[in-house]
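Take these sequences, add in the hints, and give me the full structure.
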Amino acid sequence: MQTTQQSQPHRVDGKRFELEALPWLDDVYRFALSMTRDEADADDIVQETFLRAYRSWHTFEPGSECRKWLFTICRNVFLRVRERERKRVDCGGDDAQLETLAAVRVSVAAIGDGAEDLFSRLDLAPALERAIGELPEVFRSAVVLVDVEGMAYNEAASILGVPVGTIRSRLFRGRRLLQEALIEYARDAGLVVTSGVPCTGVS
Amino acid sequence: MDCLEVVRQLWDYLDSELTDEAMARIHRHLAQCRQCYPQFDFERTFLDAVAATRREHPAPNLIRRKVLAKLRKAGLDL
Ligand SMILES: [Zn+2]
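As you go down the protein sequences, you meet chains A and B in turn.
Remember, the numbering used here sits 3 above the position in the first sequence when you count from 1.
Remember, the numbering used here sits 362 above the position in the second sequence when you count from 1.
To be clear, the hints were calculated from the coordinates, so they are not data collected in a lab.
Quick caveat: nothing in here was measured; it's all calculated off a predicted structure.
Here a beta-carbon is modelled for each residue, glycine too, at the ideal position from N, C-alpha and C.
It is possible that some hints are incorrect.
To be verified - The list that follows gives simulated cross-link-like pairs (lysine-lysine, DSS-like), each with its CA atoms no further than 25 angstroms apart:
1) A:LYS71 with A:LYS18
2) B:LYS432 with A:LYS71
3) B:LYS432 with A:LYS18
4) A:LYS71 with B:LYS428
5) B:LYS435 with A:LYS18
6) B:LYS428 with A:LYS18
As the list claims (entries may be wrong) - So the derived label-pair ranges between C-beta atoms look like this:
7) A:GLU140 with B:LEU440: 26 to 36 angstroms
8) B:ARG396 with A:GLY17: 16 to 26 angstroms
9) B:ARG417 with A:ARG19: 51 to 61 angstroms
Below you can see the structure in the form of structure tokens.
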């Protein structure tokens, strides 16, 4: 955690900060909102993120990816702010391959007449957004960074401060949970008639 | 390369997180396997749908203004 010096602020190249950091405000807000799921909290986190970014602008390496740098700060701010929701979610180890198999089992159950059909006949966006919001935080942050923000595993790993293998397993588990939620939604809408495959892991 | 191997690496493949060689092998398998292709197609469509949720939340103007105000207060000359 970097400490900011109060008394002697660094000279900041305001123009550069404005040109490189500020354009990511929407992205940082979206990321903050994905973590907090609360607009007022996201609001605070975004302000704090940019304030810290400004104060530690001298640590930003020119030419590196500013969005990733800001996300890392944002993530740290979020972790600091979040003292209550501290329950540890068990990620079930790093056996990502089992998660993959489980995910595929779920999706196979849903395929039926074909994925296109399922996705095109039903407007899944609202259900999907809700399902993302309801994911436990560890899975949500992995899904948001990789699947929504389009980051590589190693970028997401560096922002979240975990090994790449952990990102993979969280990501795959998160995707599986999303698929389960979607399939449930589709079933409620009468689009999937299978009873679903219980995902108790692969033994 | 058998189907199980493909299925195990399907997410990594979709995420382009494999070596070029592995990517090519899976690509070839998918092109000719009737069992794996629908799964691939499903996962891809699913990931597209997840990615499509992205555009939903531009930062409200109020937040933008608050951020700018805070930065000005901290000394940024805008
Ligand atoms: Zn196959």
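Taking the hints in turn, this is what the structure says about them:
For the given pair, A:LYS71 sits about 20 angstroms from A:LYS18 by alpha-carbon distance, which is consistent with the 25 angstroms threshold. The hinted pair formed by B:LYS432 and A:LYS71 meets the criterion: a straight-line CA distance of about 22 angstroms does not exceed 25 angstroms. Annotation: proposed proximity of B:LYS432 to A:LYS18 holds, straight-line Cα distance about 16 angstroms (limit 25 angstroms). With a CA separation close to 22 angstroms, the supplied pair A:LYS71 and B:LYS428 stays within the 25 angstroms bound.
Only pairs whose Cα atoms come within 25 angstroms are accepted, and B:LYS435 paired with A:LYS18 is accepted, the gap being roughly 16 angstroms. With a C-alpha separation of about 19 angstroms, the suggested pair B:LYS428 and A:LYS18 falls inside the 25 angstroms cut-off, and the hint holds. In this structure, A:GLU140 and B:LEU440 meet the distance hint of 26 to 36 angstroms, their C-beta atoms being roughly 34 angstroms apart. A beta carbon spacing of about 59 angstroms between B:ARG396 and A:GLY17 contradicts the range 16 to 26 angstroms that was offered as a hint.
Hint check: B:ARG417 to A:ARG19, Cβ distance near 28 angstroms, so the stated range 51 to 61 angstroms is violated.
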